[in-house]
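Asker: Following the hints, put chain V in place on chain S, whose structure we already have.
Protein chains: 2
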Amino acid sequence: MFSVVRKSPIPLADQLVERVSELIESGRLPEGSRLPSVRQLAHRVGVSVYTVTSAFERLSAKGLIDARAGAGYFVAPARNRAAAPRIELGPLASLDPILGFARQTLEQHHFAVPAGSGFLPGSWLTDAVPSSILSKVARSGVLLESAPVQGDPGLRELLAERIRMAGVPIAARCIVVTFGASHAFDLIARTLLKPNDSVLVDDPGYFVLHAQLRAHSAHLIPIPRIAEGTDLDALESAARLHRPRMFVTQTVLHNPTGTSATAANCHGILTLAEKYNFVVVEDHVYTDLAPRPVVSLAQIDELKRVLYVGSFTKVLGPGMRIGFIAAPEALVPQLVDSKILAVLSGSALDEFVLRELLASGKYRKHTERLRDRLGPARATSIAALRRAGLIIEQSATDGIFLWCRLPTGVDPERLCVDARAIGILLAKGTMFSISGQGHGYLRINAAYGDEPILWRFLESRCRAAA
Amino acid sequence: MFSVVRKSPIPLADQLVERVSELIESGRLPEGSRLPSVRQLAHRVGVSVYTVTSAFERLSAKGLIDARAGAGYFVAPARNRAAAPRIELGPLASLDPILGFARQTLEQHHFAVPAGSGFLPGSWLTDAVPSSILSKVARSGVLLESAPVQGDPGLRELLAERIRMAGVPIAARCIVVTFGASHAFDLIARTLLKPNDSVLVDDPGYFVLHAQLRAHSAHLIPIPRIAEGTDLDALESAARLHRPRMFVTQTVLHNPTGTSATAANCHGILTLAEKYNFVVVEDHVYTDLAPRPVVSLAQIDELKRVLYVGSFTKVLGPGMRIGFIAAPEALVPQLVDSKILAVLSGSALDEFVLRELLASGKYRKHTERLRDRLGPARATSIAALRRAGLIIEQSATDGIFLWCRLPTGVDPERLCVDARAIGILLAKGTMFSISGQGHGYLRINAAYGDEPILWRFLESRCRAAA
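Taken in sequence, the protein lines are chains S and V. If you count the first sequence from 1, you need to add 734 to reach the working numbering. If you count the second sequence from 1, you need to add 734 to reach the working numbering.
Next comes chain S alone, as it looks inside the complex (with noise of 0.2 Å):
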């Protein structure tokens, strides 16, 4: 029943993996029956106890088996195999709920419709990076020599150009490359918070942020989010309360309510953070999905006190972990050091890759392409969502994200976990918020709002409340 071929070149655990897969497909090991145990298996088929495990271990993760702690290998129920995710459980899930969605997000490959994903979807990102530049890698010799600790120099002077069209003044000098915003984050973190430091940040407002600041010890203040912006006199009163260190915002299509602070917001804020003296580390990772010009803290402050964050896996895909930091030339030097202590230096495949995307215009053309997308695509799923029954108000109006309230009486906690078990990733209101605004709310990707089994499933949930 469960030979293998030793002389194949097939390795012996594909294998395996192979005939058990067969099996289970088959019927002929039918739901719930219990497998041999490692050792039987491994003796009966004349392989190692840890060929045997790694075939298991596939298969677990494939959702054909399941382990039962003392007891064994089981075959898992058919509804695991369809559409339901298959994300490593037990003792490798997350300790921490916050993180563990963060990860759920980040996997959302697993799922048939990650609406609570803040990814495009891997379709809309195939021509981000064309196998023409990758093909130029191993003849730019690139890979002989590590990426200068700082970024490379020609990729920090090709940031510095674009980040001055935005209408920032900067030198490539004070750029720093990173492996993506959250790296940036934590960079910032480490160099200048101390333990306790109060720290400012938009409520609702990024998840994995809230995370990390919390990991360095600081004590979070949050700042209500309104359609203009910040709610200045919600800052004005922390920030005389609290001593901020530092205020983190995401003025541009702002996570998760989609809206984007006006000038004279920005204005207020750099006005406040002056008067009581903190940092503002200014999130710009949906920037490029902006069709129009927009403003920016970074514009008004030509970088004195705002740090800017960018980001390229939004628009490349999340598997390209490369962002940076811009910021006043006299934190340059602290944050190299930090990066230092953080990972020794960055990845000079991805930096050689983003530089050939920014010099070729390839970066420009791809961005164009998936705001003509996303435009669309959000009215569209505006319009379905909308006929599902939640409710989606008008202050924001591009980017990815669509801040959806839920009719009175749906449970966002039981619409949440009912919909993963039929394979959809729902990013609930509660998460981004650390007073409990949130509740009520959805997060929506945009390019999935008008998936039918999203809004056939969130229809049906929203009637039967009603």
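These are computed hints drawn from the structure, not numbers from a lab. Hints may be right or wrong, so weigh each one.
No copy labels: a pair is met if it fits in one copy or bridges any two.
Computed cross-link-like contacts, SDA-like style, restricted to lysine to any residue with a CA-CA straight-line distance of at most 25 Å [unchecked claim]: (1) K1096 - R873; (2) K1009 - P831; (3) K1096 - S866; (4) K1038 - R773; (5) K1096 - Q749; (6) K870 - R1148; (7) K796 - T1101; (8) K1099 - I1034; (9) K870 - T1101; (10) K1096 - T860.
Please read these numbers as outputs of a predicted model, since none were measured by experiment.
Answerer: Structure of chain V alone, referenced to chain S:
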């Protein structure tokens, strides 16, 4: 004099860089002469201030001009242009001398002879990542999704297989992929250390690790490194006195002494780890360069209290930031959460390339070629350095490092500064030691030991001191 061609396809900044370089190299702009100010030049040539700033920045990076605070830009002395390091100094230098040195070893291409570097020369690595593998990336679709946070399952399976071949029983689910070994140490410190925890370290040992642990507010206790591995008496006294949380050690091809711990020594370390209940972090970054099978703590302990840290940057080149932690299963979820907090996720590109290299056997073949080249290079370097007057003990037989004692009368500080001025990077022994043990030693990379510029310089200094 500074004219540019406005309609040329060559960017204006590039034209300016070329033009000024020519003027300097032809002697028309002599050493020490002052350049027009950024504004003047922008006005005169009819380009933006940013174009000139960017051109000047690149000229500074090339060592052709110097910025003097408040006074403007001047043509740099000619000696700076030849073999001299072109590392960005001034405001961008590291604040910490140890990190500054780390940065120099990473930017080794700035030196004619980077003998103090811990990386192999780029010329040894040209076949490390064949273009055939890079051209597969686009087809693979790997960039359309993020790398799973813990690391690509196929890659983890291959890593587990390699570690099992080294005699350590491990499953893929116990591996966390990182951006290299330094990132691994940072994640381990984040996960396991509280401020003021005592941590035992090899003395001498890897200086960046010392700085990383200090950044986590660890109290470092030096444990002398001897020919057989760790000084077990010193380890026991320190363990009794300080009740450490962990011991970080490099059993195989130790940096900087090049020695490997014996099996008996490994057994002794583990016995003390059990008796005094500390975790052992075993740094395996040079293991793949060992020409014969090695014994390791992980192998004896079977990853119960040992964390095994590996890296591919030493063999594939420092531009590939990829490594891993193989950990006791119970620690894996915490390490994964620390990774989310630090960088969110890994690079799908680097992970794909490594997976292909391992799966195709190309990594193994490249490693064999490196070892075949390193053995003879080591012997030649030892002979050359001994002729020059350095004392090299026999206890280390393999790997990249030669731990060389200077004859009495040679001042190591002076030697390193003078070496740098002629394009030689040297690593002085005191940098590796937190107890001051390495005084009078240099760590020399065996790939560079017979470079005539190096040994002639060393010979002249040793003779002068005799």
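Asker: Which of the stated hints cannot be reconciled with the structure, identified by number in ascending sequence?
Answerer: Failing hints, ascending: 2, 6, 7, 8.
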